[in-house]
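Undergrad: Listed below, chain by chain, are the residues.
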Amino acid sequence: MSKFDETPIVKDPAVNGVLRPPKLREHASAEVQCYPSKPKDTSAIDLPTELVPDWKERAIARLGELLEKNQALRVYMDICVRCGACTDKCQFFLGTGDPQNFPVARAELLRKVYRRYFTPAGLFPDLGEAADLDEEMLQKWYTYFYQCSECRRCSVFCPYGIDTAEITIAAREIMASIGVSTKYITEVVAKVYATGNNLGIPPAAWKDNCEFLEEDVQADTGLPIRFPVDEKGAEVLLVPPSADNFANTDTMIGYGKLFHFLGVSWTTSTYCNEGGNFGLFLNFANLKKVNRRILDAARELGVKTIIWGECGHAWRAGIMTPSLNGPMDDFDPPYPYHISQYIVDMLHKGAFEGHIDKSANDQYLVTYHDPCNSARAGYLIEEPREIIRAVCNRFVEMPEGTIREKTFCCGAGNGLLTDEIMPIRMAGGKPRAMAVKHTGANYLATVCAICKAQLPESMHYWQVPVKVGGVIDLLANALKF
Amino acid sequence: MSTSDILWTLLSLFFIGLAYFAAFSFVAGLLWKFYGYLRTPMPLPHAVTPAPKTEGGAVLRVLGDVTLFSNLFKADKWLWGGAWLFHVALAAVLFRHLRYFTYPVPGLVLYMESVALFFGSLLGAAALFLFWRRLALPRTLYISNIPDYFALALLGVIAGSGLMVNYWLRVNIVDVKGFILGLMTFHPVEVPHHPLFLLHLLAVLILMIYFPFSKLLHAGGLIFSPSRHQPFQVQVRGKRYINPVDRY
Chain A
1 MSKFDETPIV KDPAVNGVLR PPKLREHASA EVQCYPSKPK DTSAIDLPTE
51 LVPDWKERAI ARLGELLEKN QALRVYMDIC VRCGACTDKC QFFLGTGDPQ
101 NFPVARAELL RKVYRRYFTP AGLFPDLGEA ADLDEEMLQK WYTYFYQCSE
151 CRRCSVFCPY GIDTAEITIA AREIMASIGV STKYITEVVA KVYATGNNLG
201 IPPAAWKDNC EFLEEDVQAD TGLPIRFPVD EKGAEVLLVP PSADNFANTD
251 TMIGYGKLFH FLGVSWTTST YCNEGGNFGL FLNFANLKKV NRRILDAARE
301 LGVKTIIWGE CGHAWRAGIM TPSLNGPMDD FDPPYPYHIS QYIVDMLHKG
351 AFEGHIDKSA NDQYLVTYHD PCNSARAGYL IEEPREIIRA VCNRFVEMPE
401 GTIREKTFCC GAGNGLLTDE IMPIRMAGGK PRAMAVKHTG ANYLATVCAI
451 CKAQLPESMH YWQVPVKVGG VIDLLANALK F
Chain B
1 MSTSDILWTL LSLFFIGLAY FAAFSFVAGL LWKFYGYLRT PMPLPHAVTP
51 APKTEGGAVL RVLGDVTLFS NLFKADKWLW GGAWLFHVAL AAVLFRHLRY
101 FTYPVPGLVL YMESVALFFG SLLGAAALFL FWRRLALPRT LYISNIPDYF
151 ALALLGVIAG SGLMVNYWLR VNIVDVKGFI LGLMTFHPVE VPHHPLFLLH
201 LLAVLILMIY FPFSKLLHAG GLIFSPSRHQ PFQVQVRGKR YINPVDRY
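Chains A and B, in that order, give the protein sequences.
Quick note on numbering: this note's numbering labels position 309 of the first sequence as 309, and the sequence is numbered without any gaps.
Quick note on numbering: this note's numbering labels position 80 of the second sequence as 80, and the sequence is numbered without any gaps.
In isolation and in its complexed conformation, chain B is listed as follows:
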C-alpha cells in the first residue's frame, strides 16, 4: 500500500464520517428547532393587519412570503431583486443536484442540464451582490457580524467550486455519483480523487451542520412567524382566540 493510498483512505473515512454527521445534524437540528416552534404557544392574537380573516387566507399570505418575498418587495427593491434571484437560483441548483442522488434520474432533472450553467452563475453572482451590499451600505455594514459574511462566503465557495468541477476542472461524474449512492445505501466507497470536488463537498457539509443553529434557519422558520401565519380573528359568539398558557 502506497502512502497516497493510505492518505486517500483516511480522507475518505473523514468525509464519510463527516457526511453522516452532517446529515444527522441537519435533519435532527431542523426537527428539534421546528418542534420547538410548533409546541410553543402564542398567548395573544398577533396578526399584523391588514391581515387575512380566514385560515385559508393566512396560508396564502405565508405562501406569498415564501415564494415572492412580498414584504421585502415593499421594503427595498434592490435587496428584493438580489435575494429573490439568489433563492430561485439556489432552488434550481438544488433541484438539478437530484441527478446525483437518484437512479434512474427523472427526465425533468436531466432537462435542467441545459440551464445549469445559467443558474449556477446566477447563484454565485447573487451571493457576490449580497456580500457587496453588506459592505457598501453603511446601514448593513453596521448590523453585519462575522456569521453574516461567513454564510454568504460559504455559499459563494459552494457555487464557485461547483461550477468549476462541472465546467472547467471536471470531476468524474461516475465517481461522484458512486460515492453519493454509496453513502445513501450505507455501503460507502472511496471519495473521488479530486481536491476541488472535496472542497465543494466539505463546504456543503459544513453548511449542513451549521444550518439549524444559525440564521439560515429563516428557511422554514418563516412559516412559524405568528405575525404572518395568524389570521385576524373576527370575534363572534362562542369563538375567541384562547390564550393557551395560564400564566405568562
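So here's chain A without its partners, still in its complex pose:
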C-alpha cells in the first residue's frame, strides 16, 4: 500500500481547501482490480456467467442501444472539449496520481470506442480520438470504471455538466451485458434477492438482532423501545441500510429512539430490509428489480409512509423510485422521504421542543461529511446540518471546497467497498481525511452506511483520530424523554 503519494498530510495544501494536484504517475493504479464475479452470483441475477464469445459485437450493439435511450450519454459522448477543468477534481486521481483517473481520461475510454464505431472520427484512429474495442481496452474499462465511485464531483466543475458517473454507469452496464462484472457487486445483488439485504442477514437473524437491540436499549435507558419487524399496519416502513442493524447499531438505536419518542408506529421488513441498491452500480435491470422490493414490502405491510434510512446511494436510487417502478400515490407524501427530511420536518413542528439536551454531545467536536450521492444526486445538504446544529453545541465545517456539492467521496462508494482494492480506497480517501484533520473534529458525522464502513479505515490509515457515526446517533444522544 505504499505505491501512492505518501506526503505527510499535515503539510498538504488540500487542508486549506486548495488542492495541489500530485505529480502524474502513469499506470500507478493500473494493477489494482476488483475480483471478477462468480458464476453462482451472476447466474442468480440474470447476467452471463462468463465473457460471451461474441463480446465485442454485443458490447458495441449495447452501446448503440444505450445511445438511443439515454440523452445524457449521447450528449456527453460528443461535447467534451478536454479543457482539463476536471483533471484535479477526482479523489482517485488526487490520491493515486494516475492520469487515467482524470474524469476526462476515464470518460475517453468509452468515448474512443464510441468515436470508433459511431462517428466519422472512427475513420482516423491515428489521431488519438478513436480506438478499437479490443481486449486491452476491455481491461482498461474493467480497471478504471471500477476505480470510479460515481460520485459526480467532476460534474460540478465541468462547464457542460458532463457527469462521469453516467458514463461509468453505461460502461458497467455494457460490461455486465457481456459477462464482465465484479465479485463484490454481483454477490451483494444476489444476496438481496436471497435474503432481502446486502449483507445477507437471514430473516431470523434480523429478528434476533432486533430483539437483542431491544434488550440492550432497555438495560441502557430503561425505556421500552421497540425495533419492530414485519408489523402489518404500522405507519412507517423504514428501509435502512442493513449495516445499521449489524455494524452501525448506534444508528439503528437512533431510529428506534426517534420513533419511540414521537410515538409513531414503525417497522422494518424482512423481505426488504435494505435501502441500498447495488443494481445502480451494475445494470438498469437490477436497479429496477431491487428498487421494486421496497414498494412491494411497503404494500404488503400496508404502511402509510416509506422512510429511507441513512444511506447515500439508497437515497439516489430512492428518488428514482417513482420513475423506476411507477407512482407512489398510494402512500402519504412526501415521497420518497428521507429520515433526515423527516427529522427536520419534526423539528419545524416543534416535536422535540424542551426534550433536547445539546450538552449531551459536548464531548464531541462534530464535523459533517456530505455523502456524494445524497449531496449531489439527492439534494440532501441542509437537512443533516440543521439536525446537527439543533442537537450539538460544537459543530465545525471542513474547508469550503470539500463540502456540500463539492464534497469528496469517502473513497469506497458505488461498489468499491471491497478489500482487494484497498490501495485505491485509501488513496481515494486521502482528500477527505486531510479535510477532516484540518478541522480537528473528533466526531465525523455522515448519513451513509458505505461512508460509515470506509471512513474509520481511511481515517485510521491517514492517522486522523476521529469517531465516525450517524447524524441520528447524535440526535439520539441528545434526546431526553
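One thing to keep in mind: the hints can contain errors.
What the hints assert, rightly or not - Restraint ranges, calculated between C-beta atoms of paired labels, are given here:
no., chain 1, residue 1, chain 2, residue 2, range
1, A, 56, B, 193, 47 to 57 Å
2, A, 56, B, 219, 25 to 35 Å
3, A, 123, B, 135, 23 to 33 Å
4, B, 60, A, 219, 52 to 62 Å
5, A, 54, B, 145, 28 to 38 Å
6, B, 91, A, 355, 55 to 65 Å
7, B, 31, A, 456, 46 to 56 Å
8, A, 326, B, 60, 24 to 34 Å
9, A, 52, B, 101, 49 to 59 Å
10, A, 123, B, 101, 27 to 37 Å
11, B, 153, A, 139, 27 to 37 Å
12, B, 219, A, 231, 55 to 65 Å
No lab work stands behind these hints, which were simulated from the structure alone.
Ideal Cβ placement from N, Cα and C applies to all residues, glycine included.
Position chain B against the provided structure of chain A, taking the given hints into account.
TA: Chain B only, in chain A's frame:
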C-alpha cells in the same frame, strides 16, 4: 484567356463549391446532431444537486452556463478567464462580420468597427493562451489529442489572417462583400484576388465542415446536457418523472 485567368476561374469554382458544401455540412450536421439529442429520452432524473426546483430555474441555470461559464469559474480561474475572453471575442468578431452579409449594414454592426481590432487581437491572444496552456500543464498535455490542437490552430489562423487582411495586407472590401452576397443570392462571382483572404476563407470553410462532427459541438450541445437542464423534481401526488423508455 490568359493562364492566370483560367487559374482564378478554377480557384473561384473550387471556393464556391466548397462554400456551399460547408454551409450545407454546417447546417445539416448541426440539425442532425441536435435532433438526435432532442429525440433521445432521459430515463431517470439526472439533475446534479443543488439544482433549481422549477423549469424556469433550470433555464436560468443553463443560461448562466452559456453566458458566464459558471461551473468553469468554480473549477479553474485561469482557464475560465482565457476561455471566457476567447468566446466573448469570438462572438464580437462574428457579430462584426454581419457587415459582409447584410445590405444595408445595420448601424450597430458598423459601430463595432471601432472595437474590431481589439476583439480580433483578443481572439488571437486567447487562442494562443489556450494553446499554450494545453502544452504547459502536464495534466492537459496528457489528455490533449491532435484534434484539440487542430481546432485551436485553425481558429488562430482564422483570427490572424482576418486581422492581417483588415489592417495590413488589406483586401478590397467591395470584392469580398460582392463575393459573399453573390454566394448568398446564388449568383456567385469570382473570388477576391487576394491569397491571404483566400487562406482566411479556406480556414473558415474547413471549420464549418468540421464543426458538427467534432468537439466544437459543445456550442449548443451544452443546452442538451441533462445534469444542467433538468430541474430537481420534487415528487408530489400525481406528478412524477416518467421513464420514457420501457426497457433500458
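Undergrad: Against each hint, give a clear statement of whether it holds in the structure.
TA: Checked hints:
1. 56(A) with 193(B): 47 to 57 Å: The hint (47 to 57 Å, Cβ to Cβ) holds, given that residue 56(A) and residue 193(B) are roughly 54 Å apart.
2. 56(A) with 219(B): 25 to 35 Å: Check passed, 34 Å falls within 25 to 35 Å.
3. 123(A) with 135(B): 23 to 33 Å: holds (27 Å)
4. 60(B) with 219(A): 52 to 62 Å: holds (56 Å)
5. 54(A) with 145(B): 28 to 38 Å: Since the Cβ atoms of residue 54(A) and residue 145(B) sit about 30 Å apart, the hinted range of 28 to 38 Å holds.
6. 91(B) with 355(A): 55 to 65 Å: Given about 60 Å between the Cβ atoms, the range holds.
7. 31(B) with 456(A): 46 to 56 Å: holds (55 Å)
8. 326(A) with 60(B): 24 to 34 Å: holds (32 Å)
9. 52(A) with 101(B): 49 to 59 Å: holds (56 Å)
10. 123(A) with 101(B): 27 to 37 Å: holds (33 Å)
11. 153(B) with 139(A): 27 to 37 Å: Hint holds: Cβ distance 34 Å, inside 27 to 37 Å.
12. 219(B) with 231(A): 55 to 65 Å: Taking Cβ atoms as reference, residue 219(B) and residue 231(A) lie about 58 Å apart, which means the hint holds.
The structure agrees with every numbered hint stated previously.
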